[in-house]
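> For reference, the chains in residue letters:
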Amino acid sequence: MIQNILILSILLPLVAGIAVLVSPRKLYRSILLVVTLLNLGLAVFLFRKDAVLILPWAPAGIDFSLRLYHFSSFIILAAAVFSFLIALYSISYLQNNAIAKQFYAYLLISVSFVNGAVLADNLVLLLFFWEGLLGTLFGSIAIGGKQSFKTATKAFIIVGVCDLCMMAGIALAGHISGTLAISKIHLPLDFLGGIAFILLVIGAVSKGGSMPFHTWIPDAAIDAPLPFMALFPAAIEKLLGIYFLARITLDMFKLNPESAMSIVLMTLGALTIVFAVMMALVQKNYKKMLSYHAISQVGYMLLGIGTCLPAGIIGGIFHMINHAIYKSCLFLTCGAVEKQTNSTDLEKLGGLARIMPVTFMCFFVCAASISGVPPFNGFFSKELIYDAAMSRGAIFYLAAILGSFLTAASFLKLGHAVFLGKPGQSQPKVREVPIPMLFPMISLAAICILFGVFKSWPLNNLIHPVLAGASVEHPVGDSHISLTLILVTVFVLLAALIHHIVAARIMGGAVKAADHIRYAPVLSHLYRWAEKRYFDPYEVCRRIMKGIALLLWSVDKKIDWVYNVLMVELTIISSKGIRHLQAGYYVIYIVWALLGSFIVIILSLR
Amino acid sequence: MPSLFILVPLLLIVILNLPMKRLRGNIALFTALVLCIVQSLLSLIYLLFKSVHFDPVVPFFTFALSIDRLTLILLCTIGIVSFASLLVAHSTIVNPRQKFIFINLLLIALIGMNTIVLVTDLFSLYVFIEITAVASFVLIAIDKDLHAIEGTFKYLMLSSVATVFMLSSIAFFILVAGGTSFSDVHNSFSGTSDNPFTKIAAGLFLCGLLIKSGLVPFHGWLPDAYSAAPGPVSVLLAGIVTKITGIYTLLRLSTSVFVLNESMQNMLMFIGALSIVLAALAAVTQSDFKRMLAYSSISQVGYIALALGCATPLALAGAVFHFFNHAIAKSLLFVNAASLEKRFATTDMNKLRSFGAKPLVTSVTSLIGFLSAAGMPPLAGFWSKLIIVIALFSAGKTIYASVALLATILTLTYFLSLQTKVFFCKAQTVQPTVSSLPAIAVAEIILAAIAVLIGVCFPFVAYIWFLPLKEILH
Chain A
1 MIQNILILSI LLPLVAGIAV LVSPRKLYRS ILLVVTLLNL GLAVFLFRKD
51 AVLILPWAPA GIDFSLRLYH FSSFIILAAA VFSFLIALYS ISYLQNNAIA
101 KQFYAYLLIS VSFVNGAVLA DNLVLLLFFW EGLLGTLFGS IAIGGKQSFK
151 TATKAFIIVG VCDLCMMAGI ALAGHISGTL AISKIHLPLD FLGGIAFILL
201 VIGAVSKGGS MPFHTWIPDA AIDAPLPFMA LFPAAIEKLL GIYFLARITL
251 DMFKLNPESA MSIVLMTLGA LTIVFAVMMA LVQKNYKKML SYHAISQVGY
301 MLLGIGTCLP AGIIGGIFHM INHAIYKSCL FLTCGAVEKQ TNSTDLEKLG
351 GLARIMPVTF MCFFVCAASI SGVPPFNGFF SKELIYDAAM SRGAIFYLAA
401 ILGSFLTAAS FLKLGHAVFL GKPGQSQPKV REVPIPMLFP MISLAAICIL
451 FGVFKSWPLN NLIHPVLAGA SVEHPVGDSH ISLTLILVTV FVLLAALIHH
501 IVAARIMGGA VKAADHIRYA PVLSHLYRWA EKRYFDPYEV CRRIMKGIAL
551 LLWSVDKKID WVYNVLMVEL TIISSKGIRH LQAGYYVIYI VWALLGSFIV
601 IILSLR
Chain B
1 MPSLFILVPL LLIVILNLPM KRLRGNIALF TALVLCIVQS LLSLIYLLFK
51 SVHFDPVVPF FTFALSIDRL TLILLCTIGI VSFASLLVAH STIVNPRQKF
101 IFINLLLIAL IGMNTIVLVT DLFSLYVFIE ITAVASFVLI AIDKDLHAIE
151 GTFKYLMLSS VATVFMLSSI AFFILVAGGT SFSDVHNSFS GTSDNPFTKI
201 AAGLFLCGLL IKSGLVPFHG WLPDAYSAAP GPVSVLLAGI VTKITGIYTL
251 LRLSTSVFVL NESMQNMLMF IGALSIVLAA LAAVTQSDFK RMLAYSSISQ
301 VGYIALALGC ATPLALAGAV FHFFNHAIAK SLLFVNAASL EKRFATTDMN
351 KLRSFGAKPL VTSVTSLIGF LSAAGMPPLA GFWSKLIIVI ALFSAGKTIY
401 ASVALLATIL TLTYFLSLQT KVFFCKAQTV QPTVSSLPAI AVAEIILAAI
451 AVLIGVCFPF VAYIWFLPLK EILH
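Order-wise, the sequence lines are chains A and B. Residue numbering for the first sequence follows our numbering, beginning at 1 and increasing consecutively. Residue numbering for the second sequence follows our numbering, beginning at 1 and increasing consecutively.
Keep in mind that the hints are not guaranteed to be accurate.
Now the in silico label distances, taken between C-beta atoms and shown as ranges [unchecked claim]:
{"hint": "1", "chain 1": "A", "residue 1": "Ile263", "chain 2": "B", "residue 2": "Pro377", "range": "55 to 65 Å"}
{"hint": "2", "chain 1": "A", "residue 1": "Pro59", "chain 2": "B", "residue 2": "Val34", "range": "52 to 62 Å"}
{"hint": "3", "chain 1": "B", "residue 1": "Leu146", "chain 2": "A", "residue 2": "Ile588", "range": "17 to 27 Å"}
{"hint": "4", "chain 1": "A", "residue 1": "Leu605", "chain 2": "B", "residue 2": "Arg22", "range": "55 to 65 Å"}
{"hint": "5", "chain 1": "B", "residue 1": "Leu386", "chain 2": "A", "residue 2": "Lys576", "range": "25 to 35 Å"}
{"hint": "6", "chain 1": "A", "residue 1": "Ile588", "chain 2": "B", "residue 2": "Val138", "range": "20 to 30 Å"}
{"hint": "7", "chain 1": "A", "residue 1": "Ile559", "chain 2": "B", "residue 2": "Val34", "range": "56 to 66 Å"}
{"hint": "8", "chain 1": "A", "residue 1": "Pro56", "chain 2": "B", "residue 2": "Pro377", "range": "34 to 44 Å"}
{"hint": "9", "chain 1": "B", "residue 1": "Val456", "chain 2": "A", "residue 2": "Ala58", "range": "28 to 38 Å"}
{"hint": "10", "chain 1": "B", "residue 1": "Pro438", "chain 2": "A", "residue 2": "Pro24", "range": "47 to 57 Å"}
{"hint": "11", "chain 1": "A", "residue 1": "Ile602", "chain 2": "B", "residue 2": "Leu23", "range": "50 to 60 Å"}
{"hint": "12", "chain 1": "A", "residue 1": "Trp561", "chain 2": "B", "residue 2": "Leu386", "range": "30 to 40 Å"}
{"hint": "13", "chain 1": "B", "residue 1": "Ser256", "chain 2": "A", "residue 2": "Gly61", "range": "49 to 59 Å"}
{"hint": "14", "chain 1": "A", "residue 1": "Pro56", "chain 2": "B", "residue 2": "Ser263", "range": "53 to 63 Å"}
These are calculated hints, taken from the structure and not from any lab test. From a predicted model like this one, the values you see are computed outputs, not experimental measurements. The beta carbon of each residue, even a glycine, is placed where N, CA and C say it ideally should be.
Construct the entire structure; sequences and hints are all you get.
In structure tokens form, the structure reads like this:
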């Protein structure tokens, strides 16, 4: 019974997605809503159940094996909630939009692949669904507009290369351990195991959108349809990436605090936090700023899981779900603003709080959450991570708290610029968005508050069972957080508020509140280089590849010359030579024949 | 039963030449067409029903006939090509008297070829080669055109050299083996293995056959004869006559009658490879449609010779298969050439280009024909070339296999330039003198259909027809 439902949860959205592509205009919206709702129902039904399904699929240990347990059921439930809410939102957002049909189809197919990837208990099966998501990712970005094909290609190449690393990691892990079943792989972190670990982690964190695999996300924020941003980079990809990272570090490799890989993960997390938030701070576009925050927040999850301490891991996973909730909601508020004003440029917006009060309230809750203001959910997950980071090294803690300061500063800037202050130029007759768009925002904002106020329910029901099977002992209680750290956090947040007020007053406007950082002596150069994309591995590789391509092109011209000119000339010359031999005198022909016969007869005697 | 393949055409010639005017019109053509169809269908039916058992050797007058699977394939091919040639003749030869002469000569050539395929005696073989050859000399010059007479003359001169070689070889065999039947000749090889006269005799006969097949460097006559012959005659000549008198006889004798030493086999392979490359190179810059086809013909016969020299069972099966495919494809292309010649009164490709659009059936079938000849999957020619190349590789003749493969590029080069020059050109308003030639279109469609069907149904064809040949040929 449960096995059949597992299969159904993969097949139903897939079939529905294909059906959407061929269905008439009136029908596909209802298909989308009904199927995402059904999927949510299935996910609720499967929640906290255990099941295993193994079907023989291909030789060499590649089975179609699914495993449902507390962690995967939790991720499936979360993904189902997001896909339903965003489907509801996008029906209103994409009304009368030509790309709606394709977007809905990609959304449904993605839901199917997410369910498959999360349930898969075989590395190759996981890879199958994982790569399927790459296809829908490409499609969802590419339908955005004229420029979006380039961005889609960029995303495809970056994620594809990282998935290639993951594929190599899967092959290596399967080779070392002799099995491809995820639940049976337990590897030591020796030389080969370390390589496999790094390759697999590249696959996981690139899905999560960590540095340096992040550069397509800000571009996609501009070019892709907005519900895509709210669903993919904000929610589903974080869920999948961090889920797989947790599986790798907890089940497959048993990372311990002593190993170098732990330091590597924490460093990667700390760097991602600081650099991405520095970029976010100076953005002057709503979507772009959110997308840099989506990158920056992954750093906290990496840092938390990388500490290998129970508090850090719980904090990392809690932060994953919290982040998905508030970042998704923030993108939805951005969509609401864009829908009503046709702009996401901070300099053109302003004073929307009076006109769109519900949107502003949702924004306020989520912004407070992401900045780590007590008692919202982001505060508690961040405190857990701070605690673990502090016990691994003050430098990681400092990076995290600096990130927190800058996050708070940038959201103060954002909220001030968009919702407060004077009304912007391009908003003559703006109204609040319709109910189908408000409902998802309100629901997500409400969850932010609920998970913050009643934090023991998600911690005890969602997060702690994840560690139950893993090597980590002593799940931490919610009273664990030290008072000192809380006080420091509150102090930092207040500092951010004061900084913003002072800076906005001095620089003359909320939008310019971060300009003193943008034009600081050393930082201005770094920012300029970043804006020229010197730090974007994709662009750097593209420039290098251009040189290589020119070189190869010139070599290729030479090779072409050999085939197109030299060989042709040789053929024609020899052909003409043979034609001259065929002069038309039969005597000559007889002489040839006789000479040939002479040789044949000589040979026959040997 | 096999004697019917000889007696019925003979009887038909006698009846057609009875002093009755009525027999000389369309009845003659019709009966000849029916004869060809019956011959190919009959042999095909025998091929399909393997259980039909026939007496291997049947005495007929003073010479013995034998029939086996190889023979049946060839009889079938002869029937198909003669049929196509008759259809072309019906469309292209206007003068009824000339048409009647053509039919008679074709029937004589048919008798000759059927007998060559069936006989088991070296001297009778020689006699019927000559009968076929004489019929084809006259056929080439049937227009009494100066150019054609020149072509016929070159063919005649080279053939007479071949005749001298073959006759002296037979004389040697009578001396050494005491007889000319295949079994006597074969025994003379095993009995006195060191006798130089046996080897010289075999060498001489082979030289004669190499001239008849037109392999490089014995090929001088071939381009002139093929391009000078009128349309239907070039179909017959290129499609089947030189193949039967030359390369088929070479195949039969070198595999089951003579015992060739290794250097002779290497020599055959070398001649084959040389023909493939040189003739293909020569074809590249030809400007005459039929002349290019003639060089292509030499090149394709080179593949058969290459497989013959390799002499493994697979290579021989490949040789026979290629023989069949090549006969079909080359007849098809010559039918196309005849069709264009009839319409536009020229075979010069540059002139043909200026006439603009060509009839659809002709250009499509020509595409099929040249793709099959060049060895493009899934057409028939691809499979036979593939078998030959595989056989060469598995026999360790890597260099020859590579030559055979690479020469395909040259083949495609000249065929593509032919196709683009003649067929792929802009439509122009010049109307051809003859608007439609239904008989030629029928011949084109039948031959193209065979090339496609054999290719598509290759597994069936391979296992039912060609691979059992391995047992016969060794």
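> Hint by hint, note whether the structure agrees.
Do the hints match the structure? See the list:
At about 58 Å, the CB distance of isoleucine 263 (chain A) to proline 377 (chain B) agrees with the hint of 55 to 65 Å. Taken as a hint, the range 52 to 62 Å holds for the pair proline 59 (chain A) and valine 34 (chain B), whose Cβ atoms sit roughly 59 Å apart. Our hint of 17 to 27 Å for leucine 146 (chain B) and isoleucine 588 (chain A) holds, since their Cβ atoms are close to 20 Å apart. As the Cβ distance of leucine 605 (chain A) to arginine 22 (chain B) is approximately 60 Å, the hint placing it in 55 to 65 Å holds.
Between leucine 386 (chain B) and lysine 576 (chain A) the beta carbon distance is about 32 Å. The supplied range of 25 to 35 Å therefore holds. Our hint of 20 to 30 Å for isoleucine 588 (chain A) and valine 138 (chain B) holds, since their Cβ atoms are close to 25 Å apart. Separated by about 58 Å at the C-beta atoms, isoleucine 559 (chain A) and valine 34 (chain B) satisfy the suggested range of 56 to 66 Å. Checked against the hint of 34 to 44 Å, the pair proline 56 (chain A) and proline 377 (chain B) passes, with Cβ atoms roughly 35 Å apart.
Between valine 456 (chain B) and alanine 58 (chain A) the Cβ separation comes to about 32 Å, which falls inside the hinted range of 28 to 38 Å. Taking 47 to 57 Å as the suggested C-beta distance range, the pair proline 438 (chain B) and proline 24 (chain A) conforms, at roughly 51 Å. Separated by about 54 Å at the C-beta atoms, isoleucine 602 (chain A) and leucine 23 (chain B) satisfy the suggested range of 50 to 60 Å. Taking the beta carbon of each, tryptophan 561 (chain A) and leucine 386 (chain B) are about 32 Å apart, inside 30 to 40 Å as hinted.
Separated by about 55 Å at the C-beta atoms, serine 256 (chain B) and glycine 61 (chain A) satisfy the suggested range of 49 to 59 Å. Roughly 59 Å separates the CB atoms of proline 56 (chain A) and serine 263 (chain B), a value that falls within the hinted 53 to 63 Å.
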